[in-house]
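Please model the complete structure; the sequences and the hints are all you need to start from.
If you read the sequences in order, they're chains A and B. Those letters in the first sequence? Residues 1 to 222, per the numbering used here, in order. Those letters in the second sequence? Residues 1 to 475, per the numbering used here, in order.
Errors might be hidden in some of the hints.
[Stated by the list, open to error] Calculated cross-link-like contacts (lysine-lysine; reagent style BS3-like; alpha-carbon spacing at most 30 Å):
| id | chain 1 | residue 1 | chain 2 | residue 2 |
| --- | --- | --- | --- | --- |
| 1 | A | Lys2 | B | Lys267 |
| 2 | A | Lys64 | B | Lys301 |
| 3 | B | Lys195 | B | Lys233 |
| 4 | A | Lys200 | A | Lys171 |
| 5 | B | Lys267 | A | Lys200 |
| 6 | B | Lys92 | B | Lys106 |
| 7 | A | Lys118 | B | Lys334 |
| 8 | B | Lys334 | B | Lys233 |
| 9 | B | Lys267 | A | Lys89 |
| 10 | B | Lys267 | A | Lys146 |
Keep in mind that the hints were calculated from the coordinates and are not lab data.
Read off the chains here:
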Amino acid sequence: MKILLAEDDTFLADGLSMVLRDSGYAVDIEADGAGVPIAVGTTPYDLLVLDLGLPNLDGFDVLKQIRSKGETIPILILTARDAVEDRVKGLDLGANDYLTKPFELPELEARIRALIRKENWSNRMEISFGSLTFNTVDRVATIQGKNIDLTARELAVLEILLQKQGTAVDKQRITSLISSWDQEVTENAVGIVIHRLRKKLEEAHITIKTSRGLGCRLELCP
Amino acid sequence: MNFARDTSLRNQLLCWLLLPLGGIWILTACGAYFLAEHFAINTFDRELLNSADSVIARLRSDPVKIWVDMPPAAQAILRHNNRDKIYYQVLKPDGTRISGDAILPKPVRPFESPVPSFRYATLNGQDVRIVRVKANLEGHEDKMVSVQVAMTLNALREMTQQILLGILVPQIFMICLSALCVSYGIKRGLIPLSKLEKALSSRSQFDLTPVESSETPAEMKPVVSAINILLDKLRTDLEQQQRFVANAAHQFRTPLAGLKTYIYAAKRLPGDPRMTEMLEKIESGVDRLTHLANKLLTLAKAEPQIGNANHQAVDLNFVASEMTADFVSEALPKGMDLTFVSSDKPAMVYGELTDLAELTSNLIENAVIYTQTGGNVTVRVSNGDAVRLMVQDNGPGIPFEEREKVFERFYRVLGTAAPGSGLGLPIVKEIATAHKATVEISDGSLGKGTKVTVTFPCAPKLNGNNDKNRSFPDS
Numbered sequence: 001m002k003i004l005l006a007e008d009d010t011f012l013a014d015g016l017s018m019v020l021r022d023s024g025y026a027v028d029i030e031a032d033g034a035g036v037p038i039a040v041g042t043t044p045y046d047l048l049v050l051d052l053g054l055p056n057l058d059g060f061d062v063l064k065q066i067r068s069k070g071e072t073i074p075i076l077i078l079t080a081r082d083a084v085e086d087r088v089k090g091l092d093l094g095a096n097d098y099l100t101k102p103f104e105l106p107e108l109e110a111r112i113r114a115l116i117r118k119e120n121w122s123n124r125m126e127i128s129f130g131s132l133t134f135n136t137v138d139r140v141a142t143i144q145g146k147n148i149d150l151t152a153r154e155l156a157v158l159e160i161l162l163q164k165q166g167t168a169v170d171k172q173r174i175t176s177l178i179s180s181w182d183q184e185v186t187e188n189a190v191g192i193v194i195h196r197l198r199k200k201l202e203e204a205h206i207t208i209k210t211s212r213g214l215g216c217r218l219e220l221c222p
Numbered sequence: 001m002n003f004a005r006d007t008s009l010r011n012q013l014l015c016w017l018l019l020p021l022g023g024i025w026i027l028t029a030c031g032a033y034f035l036a037e038h039f040a041i042n043t044f045d046r047e048l049l050n051s052a053d054s055v056i057a058r059l060r061s062d063p064v065k066i067w068v069d070m071p072p073a074a075q076a077i078l079r080h081n082n083r084d085k086i087y088y089q090v091l092k093p094d095g096t097r098i099s100g101d102a103i104l105p106k107p108v109r110p111f112e113s114p115v116p117s118f119r120y121a122t123l124n125g126q127d128v129r130i131v132r133v134k135a136n137l138e139g140h141e142d143k144m145v146s147v148q149v150a151m152t153l154n155a156l157r158e159m160t161q162q163i164l165l166g167i168l169v170p171q172i173f174m175i176c177l178s179a180l181c182v183s184y185g186i187k188r189g190l191i192p193l194s195k196l197e198k199a200l201s202s203r204s205q206f207d208l209t210p211v212e213s214s215e216t217p218a219e220m221k222p223v224v225s226a227i228n229i230l231l232d233k234l235r236t237d238l239e240q241q242q243r244f245v246a247n248a249a250h251q252f253r254t255p256l257a258g259l260k261t262y263i264y265a266a267k268r269l270p271g272d273p274r275m276t277e278m279l280e281k282i283e284s285g286v287d288r289l290t291h292l293a294n295k296l297l298t299l300a301k302a303e304p305q306i307g308n309a310n311h312q313a314v315d316l317n318f319v320a321s322e323m324t325a326d327f328v329s330e331a332l333p334k335g336m337d338l339t340f341v342s343s344d345k346p347a348m349v350y351g352e353l354t355d356l357a358e359l360t361s362n363l364i365e366n367a368v369i370y371t372q373t374g375g376n377v378t379v380r381v382s383n384g385d386a387v388r389l390m391v392q393d394n395g396p397g398i399p400f401e402e403r404e405k406v407f408e409r410f411y412r413v414l415g416t417a418a419p420g421s422g423l424g425l426p427i428v429k430e431i432a433t434a435h436k437a438t439v440e441i442s443d444g445s446l447g448k449g450t451k452v453t454v455t456f457p458c459a460p461k462l463n464g465n466n467d468k469n470r471s472f473p474d475s
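In structure tokens form, the structure reads like this:
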């Protein structure tokens, strides 16, 4: 899951990206308002967390530009402006949620999960693949009720594969989805993550099939 | 009396108009007195001279002696006078008396001039005026006598007094009349000033709109326009200050959010339990800062809306019950008894719903925070002679001498342990003032605790019909 954090206050942006990365999200930070629509247009982000007071391009204008290009990315506005008019305007310009600073982190995380669940899992709380069950609320994968211990990257890769439900995902795409601008992940590293994940999923008789040119996909073992 | 120091324009004008008038009156009175005396003496002297002439007419002489032919009948005519005594004397040039009253004083100087001379003297303790005339006897041009006639001054004095009264009484009357006119004129002239005073003193401190100057007299226009310029400056200043406070409070939010984020991240790291405890302390500090920033923002927002607010008729019962309900979750863990008592009939006030909610919530919050575990907080709305909101607790109370100060921003009662921003009551005061309501702090029941009473003015009855039909989203 890849999040673009559009926030010009580095203190808050660094802290937030740290917390979100710990939770298994790949996070890019964009401090320049004008850069946000460009980044959204070029990278397949799962969510945009948008501050309204950005330099060069105001948050509302960022919203307008993104939506006018037909981008469907979920957007959560995170701002110090708490006036009702601002909330209404933000939501009406195409944002999906609005949270005012200072916020409680558990709430922000829950909202991020909810937005991604809506977008990526169509609001399903649980995804099943063979004997593997993935809880989209807690982001926990279980095999017959037993938790699988996954690292943040493994979890991210599993989520990407589960979203596609058996169809292949290009390795390059996986790489771009789990890496962020300041934490570049190589395709080799992705290979290692997939290797480890494959081992952990053996118990569920699920394997990750890699085929050259097509990418990776989840497969039930025969 | 030092009039220069008297700051009343009315008194100064009165003083500067009436003092010269008084001075002029004294001057004219003196003038009138001298004039009156002058005319009276002239008249008196003519009479005296007449008497002297009649004595002269009675002079007889033969070659040997000179005598006055003054039979008793003639004397009676001469001396006939109602008020004054008349004396006469005929003297030889050497001063020996020929005839007449002996008590008349002898002439002071030898008599040469043919012109009659007048002088004052005292006779038997009475002031008299004496005329001395030189007379030649008929047929004896060489024989000269001088005739002195004296008369007491009663008539003279009376005449002087009458003339004086005749001038002065109407004058006093005129002075009084003009003083009245002047005083009334000043009062009339100063009406625009007192209008201005009323217009200014009845303003709320937030009403910084220019003073109406179309009806101001020309002399006051510069003052009014100076006031308006000052008001304008004040308004700009106030707006700037409010913007500053709002911006500052706003600017706190992002770093606060950052702090919270790091604390959250740090707490997730496995580590020393003491570290977790410290992080929790830091977190509560950040929460207090957040609270403070939010209150500051509320305060800054409460101010400028005054005067141009979207006022509507609001039932205080609705606001107070909603706000009381909001605090149940905080009162319950403290084992407190939080009660709401509504008024029998609707308690309508004219105001801004969100502001009234903020006011009520601040009062209840204070009561809940500062009252000890197991205490009572009662929120009561009454609608008697006025609409009142009362929040009463049985907590520690506010000492009498602190009751004014708690409305100052950031003031906190010494020894207060409970957390607070020091802005709750100032916000209450601010909102109350904007609604023309008064806030009063008194003892709670049985002299224990605190009772805060907010008294609202009656909702205007002009558009009462509209208001009655207006309903609230949740009521």
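Comparing the hints with the structure gives:
no.	hint	in the structure
1	A:Lys2 - B:Lys267	holds, 24 Å
2	A:Lys64 - B:Lys301	holds, 29 Å
3	B:Lys195 - B:Lys233	holds, 23 Å
4	A:Lys200 - A:Lys171	holds, 19 Å
5	B:Lys267 - A:Lys200	holds, 29 Å
6	B:Lys92 - B:Lys106	holds, 11 Å
7	A:Lys118 - B:Lys334	violated, 40 Å
8	B:Lys334 - B:Lys233	violated, 49 Å
9	B:Lys267 - A:Lys89	violated, 35 Å
10	B:Lys267 - A:Lys146	holds, 27 Å
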